[in-house]
Each structure stands twice: as structure tokens, then as C-alpha cells.
Amino acid sequence: MAKMILSMDGLVLKEIPLDKERITIGRKAHNDIQIDNLAISGEHAAIVTILNDSFLEDLNSTNGTLVNGQPVKKHFLKNNDVVELGKYKLKYINEAPVAANADFEKTMIMRPGGLKAPPPAEEAQARAAAQTVVGIEPEKTSAPVGQATASIAAAAVAPAAGQAPAAPVQQQLPAVIQLLNGPNIGKELELTKTLTTLGKPGVQVAVIAKRPHGYFLTHVEGAHYPIVNGNSLDPQAYQLEDHDVIEIAGIKMEFYFKT
Amino acid sequence: MTMKLVEALEVVARTDPGMVRGHNEDAVFGDVSRGLVILADGMGGYNAGEVASGMAITLLSTGLQPLIDSCRPQESDPATGKRLSHVHIAQQVAITNDSIFKAAQSQPLYAGMGTTLVVAWFYENQMTVGHIGDSRLYRLRGEAFSQVTRDHSLLQEQLDSGMISAEEAKFSQNKNLVTRALGVDPEVEVEIHDYDVLPGDIYLLCSDGLNDMVEDEEIGLTLQTLQNNLELAADQLIQMANDNGGRDNVSAILVKVRGDFAAPVCWWRKLLAWFK
Chain F
13 MAKMILSMDG
23 LVLKEIPLDK
33 ERITIGRKAH
43 NDIQIDNLAI
53 SGEHAAIVTI
63 LNDSFLEDLN
73 STNGTLVNGQ
83 PVKKHFLKNN
93 DVVELGKYKL
103 KYINEAPVAA
113 NADFEKTMIM
123 RPGGLKAPPP
133 AEEAQARAAA
143 QTVVGIEPEK
153 TSAPVGQATA
163 SIAAAAVAPA
173 AGQAPAAPVQ
183 QQLPAVIQLL
193 NGPNIGKELE
203 LTKTLTTLGK
213 PGVQVAVIAK
223 RPHGYFLTHV
233 EGAHYPIVNG
243 NSLDPQAYQL
253 EDHDVIEIAG
263 IKMEFYFKT
Chain H
136 MTMKLVEALE
146 VVARTDPGMV
156 RGHNEDAVFG
166 DVSRGLVILA
176 DGMGGYNAGE
186 VASGMAITLL
196 STGLQPLIDS
206 CRPQESDPAT
216 GKRLSHVHIA
226 QQVAITNDSI
236 FKAAQSQPLY
246 AGMGTTLVVA
256 WFYENQMTVG
266 HIGDSRLYRL
276 RGEAFSQVTR
286 DHSLLQEQLD
296 SGMISAEEAK
306 FSQNKNLVTR
316 ALGVDPEVEV
326 EIHDYDVLPG
336 DIYLLCSDGL
346 NDMVEDEEIG
356 LTLQTLQNNL
366 ELAADQLIQM
376 ANDNGGRDNV
386 SAILVKVRGD
396 FAAPVCWWRK
406 LLAWFK
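If you read the sequences in order, they're chains F and H. Using the working numbering, the first residue of the first sequence is number 13, and each one after it goes up by one. Using the working numbering, the first residue of the second sequence is number 136, and each one after it goes up by one.
Just chain H, with the same shape it has in the complex:
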């Protein structure tokens, strides 16, 4: 029995300035009926960070919504052979990047502004995830809690090259350096991957204000303990980050998969697929 997206997904989004910062430079977005969630963590002086993250969320969501309504995301693009979901995300990210970059160029106040990004698009028991920078997507499946995205950061590069161990990384003073961001250069590469989605899965999109302040293990345990009350789980995550010092803005989007959401397949599509 398959469900519609709105029935199959439960989404809760929270963002909080934290305990130290005056501004909230994070931005979150969720559209359950289209299976789209986006989180951005802005950077730049004065209020430029919030301008960048706000632009990213608004431009990307308004750009993607009509595309989501009119395509079958897992089909491939005839021109490039790539999955349509990848093509659309890459294209809309490029447009968004261009707008933020130009705004930063034209307004001295916004010079150098940029933002991280993580976007997840759910469709037919799958999702396509795109990310730039150190905002993350995690998955809780059964008892296993794992990080799905890999940060584009100096620390991750040092971890990959074996220069530093995971234990040592906790003490690094270079935690806040991203190697990729949206809006800082004329072009940006967004990393895109597809994943299977199972009923019962819980996905967490978060800014580094959460995972820098709360250990992964604690985050996982919280999701597991409070999975039947997603709102409370989100509040608890924000609270834990703030109880531990809340040194940065904290944002979290939780997506719980309540059921199967495969598209009903009509007979002629099956036939068509069979002939391909």
C-alpha cells in the first residue's frame, strides 16, 4: 500500500540563534507535499550571512518547486544521461550561486558573503541529497545512526589524508573552515548522491551549531528515544546544543518516513520500461 508524500513524510524544522550570537544566520525550509527540505548556514559580516542563507533557501525552493511538480525525478535526462533530480538540483544551485555571488559583488556590505547548503528531495522511496560545505545530513535506521554527507572542510580533508585522527579532530582549532560554499565564487560544485529510503527511517539535516556542540552518539540516542514525537526530538536537540554552550546558531530539520511512498505504476509505464 503506497502513501502520498504528505502522509508518508513527517517534517519538523527548528532554528535558534543559540546562546552567544545575536544574529541567526541559519535558514531552514520544508515542503512536505513536494518532499523537499533545505537547510543553509550563512557566513559573512553584519547581516550578510543571513542574507546569503535566506537567498539560498528562497531561490532554491522557488526554483525547484515547479520542476518537482512536472518531472519524474528518477528518469534520466536525454541530453546528459544523468538523473533528472541531479540535473535540476545542479542547475538551480548554479542559478542560486550566481545570484548570491552577484549580490555580494554589487553591495559592499555583502562582500564575501556565502552559505553552506544541504538539500534533500524525497520521491518514490528514494531521495537525492545535495550539499556544499559542512552542513550535514544524518540517518537513523533501526538503531544505526550515521552521517550521510561528508563535509567539504579542511578538517575532513585532513581526516581523509590520515593526517589527523577522529579523536584528535575533536580538539582541532580548525573546525570552522569550509572548503566549499555557495555564493563566494562564480561557480560552485554541489555534491549529489541518491539513497534508498525505508519506512521508519529518520533523517536529520543540521548546521554545525548542532554537531559541534552535541556528540553524534547523543544525537542518535535522542532521535531513537523520541522518534514517536518528532517535535519534541527537534526541541531536545536544540536544547542540548544550547545547554552545552550554544556557541553557534543551531538548526535541525527532521524527516520521518512513516510509510512506503512508491509511485503507483500504471500498466503502460511498466510496458514501456520493459521495452527500453
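In isolation and in its complexed conformation, chain F is listed as follows:
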């Protein structure tokens, strides 16, 4: 559950769980969070929480409400946002569920009129039922269609065993392609995009895909496959290595990492 941490001059005063749909902040006693300070308006601000998202609203306070130093009327709160009312600070904490909980992004149905959280028992039960085993290697299904009679229905795939979730996306080393012949000889092309196409449309085209663990060359169209270091590729993607020489549609080029 999301919460607000109330502090003044770096001193933590209180932790407020956002467990109600609407929580009001102000100087007067009827507020959910009362801050007895003259810089705070009677009804200063409110926080509206809808399931896992919270919105901050300034209730036309005299001295205003700041979020991360900017005055706001209405604001969609993000994790670690700092709300300021006078000398008081409220830090919004809404940590995304840990990745180990595999069902955290499971699609769920919201019943009409069901903005309220389900009763705890039901929720716990649902969670238990939705628990999936972590550390399972996904098996690929691919179902190409295209023949006249083709009529396919690729549904569920049985899981196989043992692999950790995806490694975090790492920054890929910058790389370039330099042309070795043709009219643009010597020209360099930086591989900044996810996909870079090479060749002549209608004749021969290949693509270099930039992925977290490297650059991959794949044939796209044409009767001939790209040639790398003198060998013709097969339909599989080929992971490029430093100083590979590629030949596509008669043009030779060198791939290398920029250091």
C-alpha cells in the first residue's frame, strides 16, 4: 500500500498509510491529517487513492501546495514525489511490487462499481490462486499462417524447467558500420536505432537489430543472403562481432564497436 511520510526540517513526524479513498490535510481538527500551523489552510489539500494510484489536489489553499518544488492544483503522484505545505514535507512512497511476485502484472477484471478493494479474505484467496512458480524457462511457440488451407490455433504452451527472470537491460556499446566500397566509400553509419536496414529495397535488404546483449544481422528480403567474412548467412539472426565484414547487394561494409 502507498503511504506518505510527514516531516519537518528533516525530522520524520508521522507515517500515513493511504488506506482511504480520500484523505484530507489541513489545519482544522476534522481533517484526516491535521497540521496545526498557521501557514496551513483550514482545508489545505486532499489525496484521492484509486486502487494503486494516488492523486493530490490542492483545495484552493492560501499558501499553495508544491510537488517537487512546483506549485500544483492537481497532481498524479509518483513514487518519491515530495509534497510541500508550508514548512512541512510529505514524501509519497509507492513502491512497485517486487519482481519475485510473478503475478504482479496479471490482468484482472474490475467489477462494475468495484472501485473498492475486494474483501481481504477474497483477495488473499485470489492471490494464492494466482501464484505461479517463478524460475521457469519459457518455451517458444510460433505459429505461422499463410497457406490457403492454413487454420491454426496455437494456445497454451506447457512450461519447461529452470531459468531466472530476464536480466536487467544493459547499455549496449555504441557501434558503427563503415562502407568499404561503392560511391559512399568511407562513410560511417552509427547504429543508434533499434533497427537499421541495409541494402536496396526490392533487391536485397538486411536489418541490424540492436539488442541488450549485442547487434544482430538478419536477412529481410531478396534472393541472396548477406555475406559475413566471406560466408553466406542462413535465415537465422547472426550476432555481429567487432570488425566483421558484411556484404549486401554488392556493397561491403565493416562493423565495429566505437570505443
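Simulated from the structure, these hints should not be mistaken for laboratory data. Errors might be hidden in some of the hints.
Taking lysine to any residue and the SDA-like style, the derived pairs with C-alpha atoms no more than 20 Å apart in a straight line are [stated by the list, open to error]:
no. : chain 1 : residue 1 : chain 2 : residue 2
1   : F       : Lys86     : H       : Asp295
2   : F       : Lys205    : H       : Leu294
3   : F       : Lys32     : F       : Glu69
4   : F       : Lys85     : H       : Glu302
5   : H       : Lys310    : H       : Gly380
6   : F       : Lys86     : H       : Gln293
7   : H       : Lys391    : F       : Glu233
8   : F       : Lys212    : F       : Gly198
9   : F       : Lys85     : H       : Leu294
10  : F       : Lys212    : H       : Asn363
11  : H       : Lys305    : F       : Val60
12  : F       : Lys222    : H       : Gln362
13  : F       : Lys212    : H       : Gln362
14  : F       : Lys205    : F       : Leu185
Once you have looked at the hints, place chain H on chain F.
For chain H alone, kept in the frame of chain F given last:
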């Protein structure tokens, strides 16, 4: 020069469990000769999600196939005045919904299961699209890549009411809440619309495992770059979702319109239409 559907359409379907999930609860279906593609993203405990999406795909495709073979979808139904394609989709969705709902009621293991749905039916240079939940249909026409369906989700409702901006929506923790699903209630409303189809168009049907992991702009660029190799384009989309974390099942169906597929019009039909 008009082409038959099988010549005019190229269809590629892919589904992958992703990098985190053990089960694949998505299901895809494509029948080029009838111009029918269906995608479903199931939800529910244990394997109930895959049961729901599998049922949806199977029941809907087997229900629609004979109807497709025997009707002219753009004609209107004499009883309701609605287009036949709408009537057939709505009816078959209702039957499918009923079956999934009853299965969920009778089997404790399947209680609460449901599925999203997006179905596209191509005929005579047009298509009818039906959808429920947050599985989407996108279109690439020329350089313009756009989302055709609007999600039935809490986030979309918040966007519509101006409560949250598109930029803020990317950070929302409520991405996975759909407001409509197939099989969870005795009745469901499927949203149905018709669209013109042009040669060169590429349509993408996908589950949220793709559009949550890959920005629309990247999806559009991929389709544009790889439009001459549809299989590679589909593989690339799945790969991008997995490279970005692959937190959910990922599915994509690509439909490329190679040519005109208007029905050859016979003289007496023209005459008949003229008298109507």
C-alpha cells in the same frame, strides 16, 4: 483487379510466454481463407486463464467459420437492420461468453476465469473488428501507425475523463485492470466497428504483454522497417518485448493487405442494389 482473400492477405501469428511467466495464457488464431483472426489474453488462477482464452478462440472460430462461408457480411440483417458481420460476431461472442461463464461456475478450479478478446473479420476491402478488454488492434497505413481499438480498462476511463494524462499513464500502477472481460459475467457487451481496408495496410492484433513492454512508436517503426518480411517483423516484436523484460505473455498477429479484395460484382446484384 481483385484478388481472393488468400492471395490478398498475409497472416503471421506468434505467441510466447515471455521471460517471467511459466504459463502462456494468450491464444491466437488465424484463418486466411476466411479472413478471420482472433487473439485472446486469459486471466485466472492455475491454468484457468489458458482454459478461458483457449475456449474463446476455439468456440468463436468454429462458430464463425460456417457463418462466414454462407453470408455476405456487409448486408444488413432483416430483423435488426444491423450489418450481418456485427450480428454474427455479437451472437457468437454471447455463446462463447455463456460457455466460459458456465465452465467457470461448474468447476471450482476455473472460478473467476475470463479473457480479453480482439477479433478481426476481413471481407471485400473492409473489416469488422470486435473487442473486449485491453487486447488491441493497431493499423500501419503508409507512415501512420495508430491504435484502432480503445481499451476497456480503468486507465482508459481515467484518460477519457481527463483525470490522468497520457504521460502520467505510463507510470500508473493500475495498468492491468480491465473493466470488461469475456466469461466473467452472464452477459458481456462486445464493442464492434467497421473499417475500410487499403492495399498496403498492416494490422497488428496484440496482447498487453507487447504494448506494455514496447512503446507504440517502436512497434510502428518495426512494422514499417520490416513490412516486407512479416515473419521477421512478428519475431522482432516478441523479441523486443522480451528484451525489455518480457514480464507478461506476448502475442502478436500481423495481417498485411497485399491487394484489393472486393467481391466481383455480378450484373444482377448491381441491378438489385439499384432498385433498393
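For each hint, the structure was consulted:
1. Pair hint lysine 86 of chain F plus aspartate 295 of chain H holds up; C-alpha atoms about 16 Å apart against a cutoff of 20 Å.
2. A distance of roughly 30 Å separates the Cα atoms of lysine 205 of chain F and leucine 294 of chain H; the hinted pair therefore is violated under the 20 Å criterion.
3. Restraint check for lysine 32 of chain F and glutamate 69 of chain F: satisfied, since their Cα atoms lie roughly 15 Å apart, inside the 20 Å limit.
4. With a CA separation close to 17 Å, the supplied pair lysine 85 of chain F and glutamate 302 of chain H stays within the 20 Å bound.
5. For a cut-off of 20 Å, the pair hint linking lysine 310 of chain H to glycine 380 of chain H stands: about 16 Å separates their Cα positions.
6. For a cut-off of 20 Å, the pair hint linking lysine 86 of chain F to glutamine 293 of chain H stands: about 14 Å separates their Cα positions.
7. A C-alpha spacing of about 16 Å is found between lysine 391 of chain H and glutamate 233 of chain F, which places the hinted pair at or below 20 Å, so the restraint holds.
8. Between lysine 212 of chain F and glycine 198 of chain F the alpha-carbon distance is near 19 Å, which keeps this suggested pair within the 20 Å criterion.
9. The suggested pairing of lysine 85 of chain F with leucine 294 of chain H holds, with an alpha-carbon distance near 18 Å, which does not exceed 20 Å.
10. Between lysine 212 of chain F and asparagine 363 of chain H the CA atoms are separated by roughly 12 Å; this keeps the pair inside 20 Å, and the hint holds.
11. Among the hinted pairs, lysine 305 of chain H with valine 60 of chain F is consistent with the structure: their alpha-carbon atoms are about 19 Å apart, no more than 20 Å.
12. Distance hint between lysine 222 of chain F and glutamine 362 of chain H is fulfilled; the C-alpha atoms sit about 18 Å from each other, no more than 20 Å.
13. For the proposed pair lysine 212 of chain F and glutamine 362 of chain H, the alpha carbon gap of about 14 Å is at most 20 Å, so the pair holds.
14. A threshold of 20 Å between alpha carbons decides the hint, and for lysine 205 of chain F with leucine 185 of chain F the separation of about 13 Å falls inside it, so the pair holds.
Of the numbered hints listed earlier, the single one contradicted by the structure is hint 2.
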